[in-house]
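Chemist: For the record, the sequence lines run as chains A and B.
The opening residue of the first sequence carries number 1 in our numbering; numbering runs sequentially from there.
The opening residue of the second sequence carries number 1 in our numbering; numbering runs sequentially from there.
Read the hints as simulated data drawn from the structure, not as lab findings.
Ideal placement from N, C-alpha and C gives every residue a C-beta, glycine not left out.
Treat the hints with care, as some may be off.
Unchecked claim - With the C-beta cut set under 8 Å, the calculated list includes, among others, these residues of chain A facing chain B:
no., residue
1, VAL95
2, ALA99
3, LEU101
4, PHE124
5, GLY206
6, ARG211
Stated by the list, open to error - Some residues of chain B that are not near chain A, with every Cβ distance over 10 Å (derived):
no., residue
7, LEU89
8, ALA119
9, VAL185
10, ASP198
11, ALA238
12, GLY265
To be verified - Interface residues of chain B toward chain A, partial, derived using beta-carbon atoms under 8 Å:
no., residue
13, ALA144
14, ALA147
15, THR151
16, GLY156
17, LEU157
18, THR175
19, GLU178
20, SER179
21, VAL181
22, THR182
23, ARG183
24, GLY184
25, ALA193
26, THR196
27, GLY197
28, ALA199
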Amino acid sequence: MPWLVGLLGLLGFALVVLPLIGLLREASWSNLWSDLGTPQAWAAIKLSLVCSLWATALALVLGVPLAWVFARVEFPGRSFVWALTVLPMVLPPVVAGVALLDAFGRRSFVGARLYDWFHVQLTFSTAGVVLAETFVAMPFLVITVEAAFRALDRRYEDAAVTLGASRWTVFRRVILPMAGPGIAAGAVLAWARALGEFGATITFAGNIQGRTQTTPLAVYLLLESRPEVATALSVLLLGVSVTVLALLRRRWLARA
Amino acid sequence: MRVRTTPWFAAVLMVGLVATGCGSSGSKAAPTAAAKAPTTTVSKLTGTVTVSAAASLTEAFGKIGADFHAANPGAETTFNFGSSGALELQIEGGAPADTFASADQDTMAKLQVKNLVDAPVVFARNQLVIVTKAGNPQHVQTLADLANVGTISLCGLTVPCGKYAAQILQTAGVTIPESKVTRGVDVKGTLQAVATGDADVAIVYVTDAKSAGTSVAAVTIPAAQNAVATYPIATLKASGDAAVSDAFIAYVMSARGQATLRSFGFLPPS
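Extracted from the complex, chain B is given alone in its bound form:
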């Protein structure tokens, strides 16, 4: 039952996307997929797409990829997780990816400017949170407390989570000397420094803190000081399998895909 209804949903949604213009009127890929939909049912979708996705999507996309495959047995996704900035560089360098999901819009915009992607859609949002060692031994309560702990783990300044963290600290008026900051190459590395390493606190996404479970303690950042990470996704112009990529994006946007994202702690796109 599931296997038959979901592709329907995806197909309807995809047509809807194209009709409303969300699926980019200028893109070549989306209309192709939509045009195919009436003749070939989407469940006959075959092919493998490589999805380059922000590291913070590791758990959620792992689940969505498995569900997508279950709904479309002929279609498969392989994932390349990393910092959005590093993935963007790989794509510019001609990496054979079909789909790109970034943790910020700036990084996606770089590919748009170079005309390497179809028009992106925002599929999720995320917020940031302070994580400490399990049990919060240093009683960190606010961003201001970060000035009084030992080593702080932040993402690199070109990694979206690093930009968001810098923005949050600036809003809160907290200055942390670079000599106390260890820079993770992506959000997972940044979290790892606290979860298994000896860093005292990190600023990561809410979703990563949630995935880390009890190995860390989360301290909420007040909405007034927090940043909202916006996640766009798009099919690459160079994709060899744009139909499958578009179908995957449609699946991410579908009620089931969105429910999965919600279950991992992501916020709805708007």
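Next comes chain A alone, as it looks inside the complex:
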């Protein structure tokens, strides 16, 4: 029944597209720039950019080695460790926020020590936003990069080793360039996820204008007082997401 497949496919497409059309219809295009320029919106955009880029950088620094371990190192309980690492992908973000509070809040087992020893408080701080975003976004990078590492042809590494390259040189000069597109894709995915983070951020880092109020938080709060600004910010986030997908599309098509 090809018509049925076609019909269901069409419905599926409509399900995704109709809300987006609704959002675009609501937007007041002539005022889009001035709406985005209101102090609260602009503060949220700047904060979102800073936090999501920091989160992506952290996810890269910590996630790429992790992906390498999962792709290449056999150790007991690997699948269990892997499952724990990617858990934030399926964890409800609010639960992630509560878990972060229980670990890094000022009265928690890690957070209390951070505060007593170094006077570092992560909750209600921009660093807390970065932590929450990294927590939820890093798994996206890890699984993308792990797949990229697994797809590598090992013969290139072997050849480099026979030519006398050290393990570090092989990693730097052979593996990284070959896995580069995969790492970039993982970073972009993680960045997009960090940019859209809401639940973990508001639970753990709160909602302080200019300090922890990122764009999605501002959208939620502005929805009641300045719906047009909330819509403008939503359109901006939508635009970013579409751009990210367009950038990744070629890569996905190439794999399929």
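With the hints as your guide, set chain B onto chain A.
Modeler: Okay, now just chain B, sitting in the frame of chain A:
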């Protein structure tokens, strides 16, 4: 015994409401329910209504909803708790709610102006209170002390508890820079920031402080500086089950409903 007397009470009260005009002479729903009352007893009331209610009513309405169902086994309530402002937007957007209970009259008035609700009745009042970490480690005594603590959790400025808090701080002449304020999306989120999060103080309703138990300490705001939150409730014009909604409102207004509200710390409507 309870099951038989309470519906009676509700029916009497509802007729009384309509007779005195409290139940809105212009509304279509209340008279319908009252007209039905003589022929069909209220205990035969069937149907499920969705009640969109201010987050501060979470505990009290949970109890009242269960009692209402016990008194009217055929009738059930499902609740949609959130900030009054967010709920009002949902209703404007056509959310399938039957009853709306707001934590302020301004939000209800927005729906009245758009002719989306029957005439509301005030069913409770509430006051605000400062909450701190358990044991009040920073020794907060007055509103002025709020200027000297770390992070202060307040409701969003469009959420009723946020408006009341702003009003209270203004009356007290206390200015708090926005960089020290974290904004909760509703009063429960605002309280949570202190109860489980790392915010130092919050301004919430007396009833929420009471529900939070020992996880926070409450510091009373003097009456001269405090605000009184007024809670109206109304059946939506678009309700598919106005009779059940009206019966629920009547139950909230009944002696038992009022006693439940009192037990959660709400003040009588007047």
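Chemist: Each hint should be assessed against the structure and marked as holding or not.
Modeler: A quick look at each hint next to the structure:
1. With a cut of 8 Å, the hint placing VAL95 (chain A) at the interface with chain B is violated, because the nearest CB-to-CB distance is about 13 Å.
2. With a cut of 8 Å, the hint placing ALA99 (chain A) at the interface with chain B is violated, because the nearest CB-to-CB distance is about 12 Å.
3. Given the 8 Å rule on beta carbons, the hint for LEU101 (chain A) holds: about 6 Å separates it from the nearest Cβ of chain B.
4. Hint on PHE124 (chain A) holds. Least Cβ distance to chain B is approximately 5 Å, under the 8 Å limit.
5. Taking 8 Å as the C-beta contact cut-off toward chain B, the hint placing GLY206 (chain A) at the interface holds, the least distance being around 3 Å.
6. Here the hint on ARG211 (chain A) is kept, as its CB sits about 6 Å from the closest CB of chain B, short of 8 Å.
7. Not every CB of chain A is more than 10 Å from the CB of LEU89 (chain B) (nearest about 6 Å), against its label as outside the interface.
8. Distance check for ALA119 (chain B) against chain A: the nearest CB is about 24 Å away, which clears 10 Å, and the non-interface claim stands.
9. Separation of VAL185 (chain B) from chain A is inadequate, the least Cβ-Cβ distance of about 6 Å not exceeding the 10 Å criterion.
10. Not every CB of chain A lies more than 10 Å from the CB of ASP198 (chain B), the least distance being 4 Å, so the non-interface label is violated.
11. Interface exclusion of ALA238 (chain B) from chain A stands, the closest Cβ pair being 20 Å apart, more than 10 Å.
12. Distance check for GLY265 (chain B) against chain A: the nearest CB is about 26 Å away, which clears 10 Å, and the non-interface claim stands.
13. Below 8 Å, beta-carbon pairs count as interface contacts, and ALA144 (chain B) has none with chain A, the closest being about 21 Å; its hint is therefore violated.
14. Against a cut-off of 8 Å between C-beta atoms, the interface hint on ALA147 (chain B) is violated, since the closest Cβ of chain A lies about 16 Å away.
15. With its C-beta approaching chain A no nearer than about 5 Å, THR151 (chain B) sits inside the 8 Å limit, and its interface hint holds.
16. About 5 Å separates the beta-carbon of GLY156 (chain B) from the nearest beta-carbon of chain A, less than 8 Å, and the hint is met.
17. Because the closest C-beta pair between LEU157 (chain B) and chain A is about 6 Å apart, less than 8 Å, the hint holds.
18. Because the beta carbon of THR175 (chain B) sits about 15 Å from the nearest beta carbon in chain A, more than 8 Å, this interface hint is broken.
19. Satisfaction of the interface hint for GLU178 (chain B) is found here, the shortest Cβ-Cβ separation to chain A being roughly 5 Å, below the 8 Å cut-off.
20. Using the Cβ-Cβ criterion of 8 Å, the hint placing SER179 (chain B) at the interface with chain A is satisfied: the shortest such distance is roughly 6 Å.
21. With 8 Å as the threshold, the beta carbon of VAL181 (chain B) comes within range of chain A, its nearest partner Cβ sitting at about 6 Å, so the hint holds.
22. Because the beta carbon of THR182 (chain B) sits about 3 Å from the nearest beta carbon in chain A, less than 8 Å, this interface hint is met.
23. The beta carbon of ARG183 (chain B) is positioned within 8 Å of a beta carbon in chain A (closest approach about 5 Å), and the interface hint is therefore held.
24. Checking GLY184 (chain B) against chain A: minimum C-beta separation of about 7 Å stays under 8 Å; hint holds.
25. Proximity of ALA193 (chain B) to chain A holds as hinted, the smallest CB-CB distance being about 6 Å (cut-off 8 Å).
26. For the restraint placing THR196 (chain B) at the interface with chain A, the shortest Cβ-Cβ distance is roughly 6 Å, inside the 8 Å limit, so the hint holds.
27. Interface restraint check for GLY197 (chain B): the shortest CB-CB distance to chain A comes to about 6 Å, inside 8 Å, so the restraint holds.
28. The criterion of a C-beta within 8 Å of any C-beta in chain A is met by ALA199 (chain B), whose closest approach is roughly 7 Å, and the hint holds.
Checked against the numbered hints listed earlier, the structure breaks hints 1, 2, 7, 9, 10, 13, 14, 18; every other hint is satisfied.
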